[in-house]
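Residue numbers (our numbering), protein chains in the order written: chain A, 185 to 296; chain B, 9 to 122.
Since the hints were derived computationally from the structure, they do not count as laboratory data. As the structure is a computational prediction, the values presented were derived from the model and not from experiment. Beta carbons: idealized from backbone N, C-alpha and C, even for Gly. A few of these clues could be false.
Covered stretches of chain A (chain B as the covering partner; in silico rule of three or more C-beta atoms under 8 Å from a C-beta of chain B) [stated by the list, open to error]:
| # | region |
| --- | --- |
| 1 | 195-208 |
| 2 | 275-287 |
Here are some chain B residues the structure puts well away from chain A; computed CB gaps all over 10 Å [stated by the list, open to error]:
| # | residue |
| --- | --- |
| 3 | Ala22 |
| 4 | Arg50 |
| 5 | Gln53 |
| 6 | Asn76 |
| 7 | Thr108 |
| 8 | Ile121 |
Computed Cβ-Cβ distance ranges for the label pairs, DEER-style [unchecked claim]:
| # | chain 1 | residue 1 | chain 2 | residue 2 | range |
| --- | --- | --- | --- | --- | --- |
| 9 | B | Glu72 | A | Thr270 | 35 to 43 Å |
| 10 | A | Phe196 | B | Glu16 | 45 to 53 Å |
| 11 | A | Phe196 | B | Lys77 | 41 to 49 Å |
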Amino acid sequence: DGGITQSPKYLFRKEGQNVTLSCEQNLNHDAMYWYRQDPGQGLRLIYYSQIVNDFQKGDIAEGYSVSREKKESFPLTVTSAQKNPTAFYLCASSPRVGYEQYFGPGTRLTVT
Amino acid sequence: AQSVAQPEDQVNVAEGNPLTVKCTYSVSGNPYLFWYVQYPNRGLQFLLKYITGDNLVKGSYGFEAEFNKSQTSFHLKKPSALVSDSALYFCAVLPEGRNTPLVFGKGTRLSVIA
């Protein structure tokens, strides 16, 4: 988990509210990623960014948005359009896309 | 498109016995292969990777993995399991060219019983 921080560790929101998850890295990596983890479904890619001011949709981008204004930061917003937002969210980074990824400790989001 | 299969959702092994967690892949060209481990409510930790060279790769915590090109497999192994090895294990693959994020399998839960 070293070098990548995610906050908060646990997050609770009411349905209909947008919520932003934080991800910061001090590894000087160009690429950053957001994954969603649900029991029995492994990791599913939401968005990734190869460089500042650039990002691409992953497999399940609907209902999510991201920004990459700084190299160190890649926040994820879970919007009210996301039908089933309760999940464990993992942020990762790598020197460039296509390299070994390093993961943060995760944020568990519960929406009721 | 590249994909990874972990055919076992759960593997149970007695402490001290050898363990194997299976992974097969489908990718164009020569693959890059990875194993990660996840403990409860934590992020994934890198265990080992195969890029090229020797088919037997040694990694962290006494784990190793064998790349078998003909069987398109990359099984994770350890000669003697510990209770502390109990965790969720993920296999991941990159295609030759390395221009995409890692593609992960669905994970295998390993339980080591004392």
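field: Contradicted hints - numbers only
entry: 1, 4, 5, 7, 10
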